[in-house]
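Undergrad: What follows is the residue order along each chain.
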Amino acid sequence: MEKIKLFGGRDIEIELPPPGLHIEEAVPPKNVILPLSDKGRRAYRLLVQKGEMVSQGERIGEASNHSMPPIHSPISGKVTDIKDVRYPEGANILSLFIESDGKEQWKTNLVPCENYMERAPEELMGIVRNAGVEIIPLETLPYHKRSASTSPSVRYLVINGIGHSFGEAIVRQLLVERSRDLLDGIRLAQRILQTEKVYLAVDKKHEDAIQSVMDSGLETYAEIVKLDVYYPLGYPNLLFKRIFGKEIPSPHGDAIDMGAAFTNVDSILHAFDAIKQGKPQLKTYMSVNGGAIQTPKNLKVHIGTPLKEIIDLCGGLKERPGRIILGTPLDGSAQLSLESPILKDTRWLWVQPEKSVVTDKYRACIGCGDCVDICPVKVMPNFLGKFCEFGKYQEAADQYDLFTCIECGLCAYVCPSRRPIVHFIRLGKWELSLEEKENAGK
Amino acid sequence: MQANNYRFYVSYPPYLLGRKTVSGIMYQNLIALFPAAVMALYYFRAGALKVMLFSVLTALICEIGMQKLLKRDIRISDGHAILTGLLFAFLLSPAVPWWLVVVGSGAGIILGKMIFGELGNNPFNPPLVGWVMVRLSWSDKLNDWVAPVGVWNTDPPLEIFKLDGLDTFMAYGYQVFDLFIGKQAGGMGTICIIAILAGGVYLLLRRIISWHIPIGLLGAVFVFGGILWLTDKQANLNPIFHLIAGSTMLGAFFLATDPATSPVTRWGKLSYGIICGVLIMVIRTWGTYSDGVAFAILLANTSVPLLNKIRPRAYGKEKGVA
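Residue numbers (this note's numbering), protein chains in the order written: chain A, 1 to 442; chain B, 1 to 322.
In short, the hints are calculated from the structure, not lab data.
Hints may contain errors.
[What the hints assert, rightly or not] Listed next, the in silico SDA-like pairs over lysine to any residue satisfying Cα-Cα at most 25 Å (straight line):
hint : chain 1 : residue 1 : chain 2 : residue 2
1    : A       : Lys-5     : B       : Lys-20
2    : A       : Lys-361   : B       : Ile-74
3    : B       : Lys-20    : A       : Lys-308
4    : B       : Lys-20    : A       : Lys-392
5    : B       : Lys-50    : B       : Gly-165
6    : A       : Lys-361   : B       : Arg-7
7    : A       : Lys-5     : B       : Trp-211
8    : A       : Lys-308   : B       : Lys-50
9    : A       : Lys-361   : B       : Lys-50
10   : A       : Lys-361   : B       : Lys-68
11   : A       : Lys-344   : A       : Glu-24
12   : A       : Lys-429   : B       : Ser-11
13   : A       : Lys-392   : B       : Phe-8
14   : A       : Lys-378   : B       : Ala-147
15   : A       : Lys-361   : B       : Asp-144
16   : A       : Lys-5     : B       : Gly-18
17   : A       : Lys-378   : B       : Arg-72
18   : B       : Lys-20    : A       : Glu-24
19   : A       : Lys-344   : B       : Phe-8
20   : A       : Lys-5     : B       : Leu-17
21   : B       : Lys-68    : A       : Tyr-362
22   : B       : Lys-71    : A       : Lys-344
23   : A       : Lys-83    : B       : Arg-7
24   : B       : Lys-20    : A       : Lys-344
25   : A       : Lys-5     : B       : Arg-207
[Stated by the list, open to error] Computed footprint of chain A on chain B, listed as stretches where at least three residues anywhere in the stretch have a Cβ under 8 Å from a Cβ of chain A:
hint : segment
26   : 17-31
27   : 189-197
28   : 249-262
29   : 306-317
Note that the structure is predicted; figures quoted are calculated from it, not measured.
Where a beta carbon is used, it is the ideal one built from N, C-alpha and C, also for glycine.
Please put together the full structure from these sequences, using the hints given.
TA: Here it is in structure tokens:
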């Protein structure tokens, strides 16, 4: 059991994967599932049909206005089905099922990009984008439809080496194993985004990661910020305040307006791989653990691999599972079944044993004020929860800063009435966004 | 073990929950009240037991009846009814008739809590609602004080001070230590200050209550009383006596800190404690009631919605923007 510090001085005890687990390459999956929409954003245009043979790395979906990176087939095989699949957040999403033929065949020969440090930034950016990697969200980048002058420039790039600040075994191990590549990746990102300065935020307790980063000579290119990490410091708003000493205006502000952009260690590495090896991003790094998992592991897996295969790779389950969670125990998403796929941004699969699932009914707020004390962005979760529970969404937004909430989950964690405050807040935000869409349509 | 054929819980985050629960808060409060209850039994023997039993049983029966009547979930096991009944009994003299205990305790649960819905929606502290009702209706019966074991004087110190003045009070020769261990007439659970303090410190250590309300309340009583005392030592009581006589201590640690009827933010809690303390002193100095803690806390309860407007600046907001 390890202690994770929470905002406000409490801590939470949780079983984390032991440090130093080597990142293993997972065997290619027999079949993959690829959702054709990106969490609430627009859907992809499909480039293949049912029954068609696809090869590894073939582009199978792209966004019509280039606001999202394209999707590639992570394996070679046959498209067996295209149908709606239910995902935990949002409704049904059209998904592509591909069955492997076991050949791992690429469509064309891979063309590694040579002398990449001498290429033009636009060209490098094109390669990275076509490889399906987002260093920072693509809408914020200058692109042919936007002019370079209207797009905000990225003066500071912050590389988040603390993840969601929940131990983050995989990020730590990536820093240990691939700090040399990270160095080259940072130089590339600097060239692509034309940044003034790069920051790398690391946990001050992760000595092995810091040692490896120092050994690689990374500090000549990036300022290494050693942080005393508490949950939820990894959220951009709080990390920004910690590094720059300023707050992002809320709720309508964005870090990019202040010239700062946030990215992750693995995004930088994927961008580097895409340029150096000339192949699209087909895999993602993740760690697997939780009370019900036999052997915790750090893995490099194909995107779209069903969770069942991942769990089998980790030796299966040792006791009855209660919840299957992608993300952290405080803000992740509980999966509906083991058929759900690994997504591009999955970094942690956490399997909670059934015995530790709390199934209390929630009750009325008793007004103890614990959530107000612990809220890291200082909104009043008790009132937000009450207002959103009874449909007063607009009041919640106007009077109690609904959109300032970062949904870290601490309020619901401490609530003695077991109120699903984060759920109410998400409901409020969702309803207001629907209203906004309706008004925009008029 | 194969990963097939399992059904999973699907729910909103977070998937880990803290250990503190509503029933936990109530039972911790009961544990904290235990020393005071034992001391009440020691000082008043069977009389105290009778009142406490009647009060707690009435509270339980009224709560279960109201929850059935209003078709709500039966939440009797969360301990709030027991706590309400016990706190109500603590405010009474052991000599009150049984029907008065039943009426007050029932009114506390029904009028103080259940007609507003569930715990948390009630604007006023339930035991105090019951107490104020019986106090205003049958004040002669309620003022039928009994001397605890080892004490001959049947009048509470503050009553003596209020009715007979400071000289008489001084003539009785009250010792601070005697009051501390409970050698005074008064509400059966309020007299033994040391037992209540022990319970209050326990609650503070277990983080069931925060220090803001008790410190605000006791500090305001002490400072207000001190100013009065310094301006005219011939007419006013030493502020130490204001703290250890009457139900100030019980109010500070157990009545004013009731989560449902106190503000949520730290500054709000501190202001609420100060308002309680000032009102206690105003009632004691210029009002007709000798103790006034119950009325002060009930009055301060009405300020809670306003005090909830005191809140920290949200992230990314400029100062002065609500």
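Undergrad: Next step is simple, just say for each hint if it's right about the structure.
TA: Checked hints:
Between A/Lys-5 and B/Lys-20, the direct Cα distance comes to roughly 17 Å. Compliance with the 25 Å bound is thereby established for this hinted pair. At roughly 12 Å between alpha-carbon atoms, A/Lys-361 and B/Ile-74 fall within 25 Å of each other, so this suggested pair holds. Proposed proximity of B/Lys-20 and A/Lys-308 is contradicted: the alpha carbons are some 35 Å apart, above 25 Å. For the suggested pair B/Lys-20 and A/Lys-392, the alpha carbons sit about 28 Å apart, so the restraint of at most 25 Å is broken.
Between B/Lys-50 and B/Gly-165, the direct Cα distance comes to roughly 34 Å. Violation of the 25 Å bound is thereby established for this hinted pair. Using a Cα cut-off of 25 Å, the hinted pair A/Lys-361 and B/Arg-7 holds, with the two alpha carbons roughly 20 Å apart. Between A/Lys-5 and B/Trp-211 the CA atoms are separated by roughly 23 Å; this keeps the pair inside 25 Å, and the hint holds. The straight-line distance between the Cα atoms of A/Lys-308 and B/Lys-50 is roughly 63 Å, outside the 25 Å bound, and the hint therefore fails.
Note on A/Lys-361 and B/Lys-50: the hinted pairing is violated, with a Cα-Cα distance of about 35 Å set against a maximum of 25 Å. The hinted pair formed by A/Lys-361 and B/Lys-68 meets the criterion: a straight-line CA distance of about 18 Å does not exceed 25 Å. For the hint pairing A/Lys-344 with A/Glu-24, the CA-to-CA distance comes to about 17 Å; that is within 25 Å, so the pair holds. Restraint check for A/Lys-429 and B/Ser-11: satisfied, since their Cα atoms lie roughly 18 Å apart, inside the 25 Å limit.
The hinted pair formed by A/Lys-392 and B/Phe-8 fails the criterion: a straight-line CA distance of about 32 Å is larger than 25 Å. Using a Cα cut-off of 25 Å, the hinted pair A/Lys-378 and B/Ala-147 is violated, with the two alpha carbons roughly 51 Å apart. Between A/Lys-361 and B/Asp-144 the alpha-carbon distance is near 45 Å, which puts this suggested pair outside the 25 Å criterion. Our distance criterion of 25 Å between C-alpha atoms is met by A/Lys-5 and B/Gly-18, whose separation comes to about 14 Å.
For the hint pairing A/Lys-378 with B/Arg-72, the CA-to-CA distance comes to about 33 Å; that exceeds 25 Å, so the pair is violated. About 40 Å separates the Cα atoms of B/Lys-20 and A/Glu-24, which puts this hinted pair outside 25 Å; it is violated. As the CA atoms of A/Lys-344 and B/Phe-8 are separated by approximately 23 Å, the hinted pair is consistent with the 25 Å bound. Restraint check for A/Lys-5 and B/Leu-17: satisfied, since their Cα atoms lie roughly 15 Å apart, inside the 25 Å limit.
A threshold of 25 Å between alpha carbons decides the hint, and for B/Lys-68 with A/Tyr-362 the separation of about 19 Å falls inside it, so the pair holds. Taking the CA atoms of B/Lys-71 and A/Lys-344, the gap is near 48 Å; set against the 25 Å cutoff, the hint is violated. With a CA separation close to 23 Å, the supplied pair A/Lys-83 and B/Arg-7 stays within the 25 Å bound. Simply put, B/Lys-20 and A/Lys-344 have alpha-carbon atoms about 36 Å apart, too far for the 25 Å limit, and the pair is violated.
Annotation: proposed proximity of A/Lys-5 to B/Arg-207 holds, straight-line Cα distance about 17 Å (limit 25 Å). By the rule of at least three residues with a Cβ nearer than 8 Å to a Cβ of chain A, the coverage given for the segment 17-31 of chain B holds, with 7 such residues. Only residues whose beta carbon comes within less than 8 Å of a beta carbon in chain A count, and the segment 189-197 of chain B has 0; fewer than three means the coverage is violated. Evaluation of the coverage hint for the segment 249-262 of chain B: fulfilled, as 4 residues show C-beta separations to chain A shorter than 8 Å, against a requirement of three.
By the rule of at least three residues with a Cβ nearer than 8 Å to a Cβ of chain A, the coverage given for the segment 306-317 of chain B holds, with 8 such residues.
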